[in-house]
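Quick note, the sequences are listed as chains V and D, same order. Mapping of the first sequence onto my numbering: position 25 corresponds to residue 30, and the numbering continues sequentially without gaps. Mapping of the second sequence onto my numbering: position 28 corresponds to residue 32, and the numbering continues sequentially without gaps.
Treat the hints as calculated values from the structure; they're not laboratory data. The model shown is predicted, which means the values in this text are computed figures rather than measured ones. Do not take every clue at face value.
[What the hints assert, rightly or not] A few chain D residues that face chain V, going by a derived Cβ cut-off under 10 Å, partial list only:
1) Q10
2) G47
3) K53
4) G110
5) G112
Beta carbons: idealized from backbone N, C-alpha and C, even for Gly.
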Amino acid sequence: DGGITQSPKYLFRKEGQNVTLSCEQNLNHDAMYWYRQDPGQGLRLIYYSQIVNDFQKGDIAEGYSVSREKKESFPLTVTSAQKNPTAFYLCASSRDRDFGYTFGSGTRLTVV
Amino acid sequence: AQSVTQPDIHITVSEGASLELRCNYSYGATPYLFWYVQSPGQGLQLLLKYFSGDTLVQGIKGFEAEFKRSQSSFNLRKPSVHWSDAAEYFCAVGPFGGSARQLTFGSGTQLTVLP
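Chain V extracted, bound-state conformation (with noise of 0.2 Å):
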């Protein structure tokens, strides 16, 4: 079966740590997404790519960073930059808007 996974699903960092949170997708979907939610916010763009190699900031970019060497990779750093990281992170892709996007159920991430 098609779909997007995320891990860990659990995730304990460390002030001063940076830490990778992992997103796969084996729908052949050009775009994918990262989103953080917070409780009362719902959902907040931190970065999203249309194609390999290519990727732009969301509205909440400061203190991640992404990479997208392949297709079905979306991996998302958590730099000691970013202040209040602890949260529920979730992936996503799509292959064109008009279908809606496909969501992984998401890695928790706590700053201990």
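Please build the complex by placing chain D on the supplied structure of chain V, with the hints as guidance.
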């Protein structure tokens, strides 16, 4: 800029009762509209979508939504709620045409279902 407002943060209904979740959007042209559902600790699942044509859209799990251009609304409805419908619901809007493939999400409505 496009925006989405879900005026109800939390709604409680009894099992078997009807449900309507409100969504208002702001967009200068014809939008793409979506409803998603999220169970605790999970990703979002697409319930239904509207692009054009019939303004009453049928989705999965017995949900439907009606697009009203004059009111800039896309409310989600279900005639009889089941306990398994308890979840958080998100409305989203995207631009019609253009190159940007982004959706703007509302802040969500948490649905509680009483037995």
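Right, here's what the structure says about each hint:
no.: 1; hint: Q10; result: 8 Å, holds
no.: 2; hint: G47; result: 4 Å, holds
no.: 3; hint: K53; result: 5 Å, holds
no.: 4; hint: G110; result: 6 Å, holds
no.: 5; hint: G112; result: 5 Å, holds
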